[in-house]
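Chemist: In case you want the letters, here they are:
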Amino acid sequence: MDKFIKTIRIATRSLMQHKLRSFLSVLGIVCGVMAVLSMISIGEGAKQEVVQQIEQLGTRNIYLKAVNLTSDQRQKARERLSTGLTHLDVKRILTGCRDVHLAAALKEITATVADTPGEISPQVVAASASYGEIQNLVLSRGRFIGALDALQKNMVCVLGDDVAEGMGAQGKPGQYVRIENHLFRVVGVLNRFHRKESKAGAIAVRNYNEMIFIPLGTESNLVRPASREQRSSDQGLSEVVIQVHRTDQVLSTAKIVDRIVQVTHNNVKDYQMIIPRELLQQARKTQRTFNIVLGAIAGVSLLVGGIGIMNIMLATVTERIREIGIRRAVGANRNNIITQFLVEAVILTFTGGLIGIAAGIGAVAAIATLSGWYIAITPWAIAAPLVMSILAGIFFGLYPAVQAARMDPVAALRHE
Amino acid sequence: MSPSLIDAAGIGKEYCIGSRTIAVLNNVDFSVKKGEFVAVMGPSGSGKSTLLHILGCLDRPSAGTYRFDDRDVLSASDRELSRLRAEYIGFVFQTFNLVSALNIYENVELPFLYSSRRASLAHKRITEAIDQVGLGKRMNHKPAELSGGEMQRVAIARAISIEPKLILADEPTGNLDTGTGAEILELFRRLHQEGVTIVMVTHDRSVADSAQRCVQLVDGKVGSG
Ligand SMILES: Nc1ncnc2c1ncn2[C@@H]1O[C@H](COP(=O)(O)OP(=O)(O)OP(=O)(O)O)[C@@H](O)[C@H]1O
Ligand SMILES: [Mg+2]
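If you read the protein sequences in the order shown, they are chains A and B.
Here the first sequence is numbered in the working numbering, starting from 1 and rising by one per residue.
Here the second sequence is numbered in the working numbering, starting from 1001 and rising by one per residue.
What the hints contain is simulated information worked out from the structure, not anything from laboratory work.
One should not assume that every hint holds.
Per the computed footprint, the stretches of chain A lying under chain B, defined by three or more beta-carbons under 8 Å from a beta-carbon of chain B, are [unchecked claim]: (1) 4-18; (2) 327-337; (3) 409-416.
For clarity, every value in this text was computed on a predicted model and none was experimentally measured.
Cβ coordinates follow ideal geometry from the N, Cα and C atoms, glycine included.
Using the sequences provided together with the hints, build the complete structure.
Modeler: So this is what it looks like as structure tokens:
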């Protein structure tokens, strides 16, 4: 052990003889390690972002979303007597599927809200009472819409955090909010909701902070005299959320739900089914492939760096033939010589690895702030390129080291 | 009668250059008793260095038998030969052969990297050897900062630090002026008095006179000395 430390010290001494040369030869490794680290981190960040987004949709949930039909499709749907997503669907799903824990319906309303500050235009949605429970909506004050509210068509509402804040003193339980020409009593205000920003439309998480919930059914009071077109699209529900007891029941339940809805809609595909759990698995899989490809591409640059090390080690060996002869004369065997040059190569690549890690973390931080991407540096992203740099040192240092050890000691001593 | 340390008989060494083989050593018998100081003389190209390398277990002869300290050298592996060199044999060369990247201490330390001696003992021996050649105050100097005589003294310190059974010196004064050469020879004489076995190649008749015995090598054969 003590001898090994001495070997490392002496190897470092030799490398420091040519500081600039050693530094330049290491640059390739530095770039390679930097590339591997940033690629893994960017890939991992993207994966975590997608996964978190999907997880916010709830892995125990199944979503049915109304599809915007073209006028042709709408005509066809009418012929087949499909009226889009309705309460009937919800009822049939609740009775037809064994594993369903809760089901909730949501309807987006086009309505203007009075007394809101300019920046936010709150979205009014009519929701069933269980919607809050399915989406884990937490209230900062008051209560969520209850089952009775829907039955009795109570003119009450629950405000999102931004909406409540925007309304100031009026955005508190007990106060009234005017939607279209009706007054709704505020019964609750939602806690601030931390939404994961999403780019993919299909899996967008709703921004509850800018929403006003009213009981499902009360929205019929609000309907303005409008075109038939608008009325017919207002008829159906926008979204039905189904929650099962356990995540492993999601896929089987989804199949049954799909069949039930298909039957009630007379085979008209006027809805879209979204299963977050399924999306999650797909996302994980694609991200893994993506990461492997990125890592491999970055690995190539590490390979190029390794070739640079091999080059410099070959030069070092030819330059130090005399030294090899001296070491052999004072008692070094072939393995000692191999070890010596391997240690030098690994010191080079490992130092390059450390510099690369530091530079990589810096680069990743810069990319994150400049692009606004979410980037995650996992222990893996550091360990993998570091181990790779050590392996590169051994792999690319081996040939020059063996060349050195093979030399005839006497010929080496005679070398000029 | 003291037992012999070196016992070589019928040593031959050939080099192949293309299709030609040249015999550098031809049926050389050479033995050295423990504690002896032997000089080897002969014209340039007569094979003195080649013989020294073979005796020092750094090279293998093409023919003959060689026993070093009662071990059969010819059947030993590279590992075993290296071990012999690290523990028992000290080389001193005409061109000093120090590693320029390392300082005096580290140069003298080199053999200990390859022997099984304990680190604490090694440190003691290294400093002692450097003191013995009078460079105790300059341990951290690099070879480039030394004169020829000083470099040769470092080489001698490296050779004696391991307390070798045999010191092989190949024209140790060849690159030095007469004065410095005399100092170096004085060092060898002292080592001999302390009981170290020495084989020294030299061109200088007066140097050879200070040895106990002189062997003449001519055209790869032992002549009469
Ligand atoms: N690797 C080799 N290949 C071919 N010939 C060699 C080789 N090494 C040495 N020789 C030859 O062997 C002969 C003896 O060389 P050696 O170095 O032993 O001579 P020497 O007596 O030490 O001479 P000097 O006094 O000049 O040092 C020389 O003629 C040399 O050319
Ligand atoms: Mg010679």
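Chemist: The structure should be examined with respect to each hint, and the outcome stated for every one.
Modeler: The hints, checked one at a time:
no. : hint    : in the structure
1   : 4-18    : holds (count 6)
2   : 327-337 : holds (count 10)
3   : 409-416 : holds (count 3)
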